[in-house]
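Residue numbers (our numbering), protein chains in the order written: chain Z, 1 to 665; chain L, 1 to 665.
In short, the hints are calculated from the structure, not lab data. Check before you lean on any hint, since a few could be wrong.
No distinction is drawn between identical chains; accordingly, a pair holds when it is met within one copy or between any pair of copies.
[To be verified] Mimicking SDA-like on lysine to any residue, the simulated pairs with C-alpha atoms at most 25 Å apart in a straight line are:
| hint | residue 1 | residue 2 |
| --- | --- | --- |
| 1 | K441 | D327 |
| 2 | K567 | V430 |
| 3 | K441 | R591 |
| 4 | K508 | S592 |
| 5 | K581 | H568 |
| 6 | K629 | L169 |
| 7 | K473 | T555 |
| 8 | K59 | D646 |
| 9 | K353 | K550 |
| 10 | K22 | N502 |
| 11 | K398 | T138 |
| 12 | K59 | Y235 |
| 13 | K366 | G315 |
| 14 | K329 | R437 |
There are 2 protein chains.
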Amino acid sequence: MEDVDHLAHERSKAQFDVEEMKIVWAGSRHAFEVTDRMSRLVASDPIFRKDNRTLLPRKELFKNTLRKAAHAWKRIIELRLTEEEASKLRFFADEPNFTELHWGMFVPFIKGQGTDEQQKKWLPLAYKMQIIGCYAQTELGHGSNVQGLETTATFDPLTDEFVIHSPTLASSKWWPGGLGKVSTHAVVFARLIITDDRDYGVHGFIVQLRSLDDHLPLPGITVGDIGNKFGSGAYNTMDNGLLRFDNVRIPRDQMLMRISQVTREGKYVQSNVPRQLVYGTMVYVRQTIVADASCALARAVCIATRYSAVRRQFGSQNGGVETQVIDYKTQQNRLFPLLASAYAFRFVGEWLKWLYTDVTQRLQAKDFSTLPEAHACTAGLKSLTTTVTADSIEECRKLCGGHGYLSCSGLPELFAVYIPACTYEGDNVVLLLQVARFLMKTVSQLPSGMKPVGTTAYLGRVEDLMQCHSTVKKAEDWLNPSVVLEVFEARATRLSVACAQNLSKFAKQEEGFLELAADLVEAAVAHCQLIVVSKFIEKLQEDIPGKGVKEQLQTLCYVYALNLLHKHLGDFVATGCITPKQASLANDQLRSLYSQVRPNAVALVDSFNYTDHYLSSILGRYDGNVYPKLYEEAWKDPLNESVVPDGYHEYIRPLLKQQLRNARL
Amino acid sequence: MEDVDHLAHERSKAQFDVEEMKIVWAGSRHAFEVTDRMSRLVASDPIFRKDNRTLLPRKELFKNTLRKAAHAWKRIIELRLTEEEASKLRFFADEPNFTELHWGMFVPFIKGQGTDEQQKKWLPLAYKMQIIGCYAQTELGHGSNVQGLETTATFDPLTDEFVIHSPTLASSKWWPGGLGKVSTHAVVFARLIITDDRDYGVHGFIVQLRSLDDHLPLPGITVGDIGNKFGSGAYNTMDNGLLRFDNVRIPRDQMLMRISQVTREGKYVQSNVPRQLVYGTMVYVRQTIVADASCALARAVCIATRYSAVRRQFGSQNGGVETQVIDYKTQQNRLFPLLASAYAFRFVGEWLKWLYTDVTQRLQAKDFSTLPEAHACTAGLKSLTTTVTADSIEECRKLCGGHGYLSCSGLPELFAVYIPACTYEGDNVVLLLQVARFLMKTVSQLPSGMKPVGTTAYLGRVEDLMQCHSTVKKAEDWLNPSVVLEVFEARATRLSVACAQNLSKFAKQEEGFLELAADLVEAAVAHCQLIVVSKFIEKLQEDIPGKGVKEQLQTLCYVYALNLLHKHLGDFVATGCITPKQASLANDQLRSLYSQVRPNAVALVDSFNYTDHYLSSILGRYDGNVYPKLYEEAWKDPLNESVVPDGYHEYIRPLLKQQLRNARL
Ligand SMILES: Cc1cc2nc3c(=O)[nH]c(=O)nc-3n(C[C@H](O)[C@H](O)[C@H](O)COP(=O)(O)OP(=O)(O)OC[C@H]3O[C@@H](n4cnc5c(N)ncnc54)[C@H](O)[C@@H]3O)c2cc1C
Ligand SMILES: Cc1cc2nc3c(=O)[nH]c(=O)nc-3n(C[C@H](O)[C@H](O)[C@H](O)COP(=O)(O)OP(=O)(O)OC[C@H]3O[C@@H](n4cnc5c(N)ncnc54)[C@H](O)[C@@H]3O)c2cc1C
Ligand SMILES: [Ca+2]
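Between the sequences and the hints, there should be enough to build the whole structure, so can you do that?
Here it is as structure tokens:
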């Protein structure tokens, strides 16, 4: 056992109280305590080991996942964990499996869309996992366009049943997690057809898929796994499934009827529960995706930062120690903005949690006024944070040079398992188009005096923001929250207004929207980046205890903003928000911020409080003991079981021993 | 068998002669013929099937690769293939294996660095594969910094031998392809030490690693595989290896002595062969990497384009057919620039091939004048094209929505197998820093009247280029090669000059270089993009036969350039090369170019002439018959071997059947 901390020197350089920063990162002292305890619980339990995952063939991998899921549940029961603790335990077990969909989609959907009786019937079964459910919406032919789903649920008044059917190949359900091999039940989305052949659009139905006795599919049901996915290990622990119905009958009361109902007589009626409730659930789910983005990004950044402090390359004179690669400005310019983004996403995620509570309270009070804005905002932030996180994980891998390409760096699997977040719960481009639509609507209503709310409130100051010019004169002038905020607001406003003006040149608004879609997406991105910047700034207005903690966060906030400004320079300069000279000052400031981050970098990633188990990365080890462990790890590969490889006698020896006569080479 | 071409309608819309375009893409009628024949040969041979690759555990995967490599060699001999044909056959077999390093590094290195006697001794063995060699440079502790390698080769005058030794753990060779399990020999890079303990720096040595009788490592040699890498299938077919030497002795004549020698007496002498020859080899290797980039990018673009034409989502009125996603402007704005880049990289790769011949001829004539420029140019283009290709493969995957995440889309494995190109043969950031260094030197020599050559010639017009303003007044004005070229030249010049000016403010140039590294990298990128644009424009000045072929290429050239202009708008506007108004006109023009590409898109990817075997993608199938084939493929997953999964009885049933009493949930 090696007990030397190879990064001790780095840690000693930190200019802030790491323990206090851990609490800021976790969100509260309580959250820190639970997270810390659960992550250690998982790390110390051998059943949760992950290090062999990328080597297992699919069937073994999957079986092992079932084992972990059962074990997690056992521990949750034995230790009488709270819901919060249980969800953290599942999080740190860190392996996609059916329980995610069961707890994350099936249960919330019944809660949100089921009537009181339906909830009373199904939830206790689900809570005790006496049934296991998944969320079957997407089909082979339709994902983004939910209204285009083809599965039908036809009401049969004779038997008081719905007949669920897959009329075409493309209508096969395709992708639902947990569906392929595990789920006994599903919330199935299907077009509601009532005998007169009228199509009432897509509704949710609870359908039993497998027998609770022997797990065999029920009559009329074809179900299976959709096959191998990106990477090794990664999402292949999940049984994303396919599903076809051949006239499967379910009782009428298995349509989720909180919002609309079909009566015994086959009449379609809307309940007095507002349809807008659906959006509440979406806000909830997407808020968790934003929180997860910050965790995944932090994980990649933690690995790359520690390894960049361990790795030395070039820069020695006459055989002295070489430069740590983290000291190179290019490395800093690639890495530190990602570190800053991890914190930025953390805080915007925290704020979204608040937004969800706010929306829920308003919905209960039948106040729907903020809902469209909240919906656009969460859609946009889901898109922004997942796109950046996916790209950044790969950038972190590249920051680790060749060794990042090894599975044991942890980064390949993290990438493979993370990237679907850009696609599920709304394709990121489709989501940005929704945000853009909302922005265009908001801008178009400004002349009529409509006051934009929430994160679009700044558009209410459109006249000022169309005209203002930044007052920055020297590099340090950029270290001012209101200066930064103003240029981000001005840029977002100007891009939106420009789009609106260009749209107005089209005879048909819809045609314009299609034609200008690429510009609209850019306006939406600018809007979302502004939200992140502004929530980071708001966070800094809070009281944040701990020596040096707030100073560090301030530095990161400016790194986040000024790096974005540089990356999107065209927007800022072309719309006249800032001059080229001011841009160059921002760049100078950014460089000096990097120097401030540098001594704190390792401590700033320590603040995520990740265990080595969770990181599962040799490059990201807490103790920095990288080379001996890489060397040890290599020998575990199955190829190293024998010195002479399988296949030598058949395929290598004959090559070496052949006597070539007629080769042209 | 399904014989319908679901993309026939798309193909009928093409406004150019696809067969002629295939020849342009291939480079010549001859190249087309060879490529076409070899790709079909591979596709029709069942031993080369790839479709099960992502499911195999490492050992089976590797054994299967050995089988394919041996089979390829057998076919090459049987069919008496030329070197060109053989290399195409290996290319289309499309599976990384030891032969790449043998033919691509071991043989060329002996050719380049070996004396005539050494070549006479080793090359015939290598040509007949009676020995198999790899290229062992990188160590656990040193990759980019080759001069920092730690392996030693100490001359022992008593025995006239070199003693090869690994003095530290970090000095273990690490990464060489083909080393882990197959190679019998290696070119090993080690510090040459002569008895007086003087260190002559890193030199290459031919070292036998394994017995030719039983394949066991020779005494003193520890060798093995470094373990699992990114993805499933992918680069795991390659035995990247580790290697340690415990005082291994080799005869003196196994030092590669073309450029410098150690005499019997232990004297180090330089030969009269110029050292610059080394750069010639680098130019060669990197030129092939650029060519490979265009192929990999074309492959991803081909898949995403065909699937985007098959996939329909949204936009139908009352149940009519929906819009093909390729018709959405956001999809076009993401996809068509990548299509244009594939062609752009193809042509710049072709030009690099010419450059290599030119450099070689000059070297033979002892003219070294163009070498530094050629070296910087290939380093930069290697970096630019591989970075863009890696990112673009992932973007193509995202363009395919959820289905892109399935292994059978072909994109996950393509990504995993491609990305190391960003790291090997020079980390892409380190390479850009080299380019920047060359640019700074070039700029600093301008005042003294030194005339920049080759791809830096434009810097000779620095005064004009610092002052010029684009004359564009309407969108179509952008459709002018000299207008486009001028703004790219002006931007590159201005970024370089700005860096040079900022550098001059530092007391020590080297400190400035470190501090401003991020800006320098941007200047280098601008320079490299200019090269690609200018070579595309040069290509268009050639005579290109075939109906509509040149017109298509013109469109793609403008798409390439104007998209870059938009992406790097900040550079162009902030340096005053163009006005915001002109930028907006470029954007308008770009949109209308997309409309011109649209009807030709499928034909433009057909022009790559890729077989379905090579693409190995259900989404990219030539016939567009995507859904039935996806459905079929899913059932092949091992998880679907049984309806009830392995592990049901142990881990699922107990969950479902438990009677929970003490759960808090
Ligand atoms: C790992 C994973 C897990 C999943 N889990 C589940 C699950 O549990 N349950 C479930 O029901 N589903 C699940 N899904 C499916 C997922 O929700 C869909 O894949 C997602 O909604 C995207 O839809 P799509 O695949 O149809 O993409 P498509 O809509 O086909 O996207 C293809 C391309 O078209 C573009 N595009 C589409 N429409 C437009 C438009 N109007 N304008 C411009 N561009 C457009 C997109 O941007 C994209 O580039 C999962 C998917 C994955 C990858
Ligand atoms: C699949 C694969 C196959 C390979 N095959 C072979 C082979 O056959 N033979 C062989 O010998 N090797 C091989 N290699 C090794 C490869 O050549 C090295 O990985 C590569 O040279 C990069 O070096 P590195 O890993 O040391 O990266 P590092 O130099 O450690 O890079 C780490 C980080 O530091 C940064 N950095 C390093 N130096 C500087 C600097 N001066 N300024 C600014 N930033 C810097 C880099 O940009 C990067 O972000 C292979 C690697 C891979 C992944
Ligand atoms: Ca820039």
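Results for each hint:
no.: 1; hint: K441 to D327; result: between (47 Å within a copy, 24 Å between copies)
no.: 2; hint: K567 to V430; result: both (23 Å within a copy, 21 Å between copies)
no.: 3; hint: K441 to R591; result: between (39 Å within a copy, 24 Å between copies)
no.: 4; hint: K508 to S592; result: between (50 Å within a copy, 18 Å between copies)
no.: 5; hint: K581 to H568; result: both (15 Å within a copy, 17 Å between copies)
no.: 6; hint: K629 to L169; result: between (50 Å within a copy, 11 Å between copies)
no.: 7; hint: K473 to T555; result: within (20 Å within a copy, 43 Å between copies)
no.: 8; hint: K59 to D646; result: both (23 Å within a copy, 7 Å between copies)
no.: 9; hint: K353 to K550; result: within (22 Å within a copy, 56 Å between copies)
no.: 10; hint: K22 to N502; result: neither (47 Å within a copy, 40 Å between copies)
no.: 11; hint: K398 to T138; result: between (34 Å within a copy, 17 Å between copies)
no.: 12; hint: K59 to Y235; result: both (13 Å within a copy, 22 Å between copies)
no.: 13; hint: K366 to G315; result: neither (65 Å within a copy, 33 Å between copies)
no.: 14; hint: K329 to R437; result: between (40 Å within a copy, 15 Å between copies)
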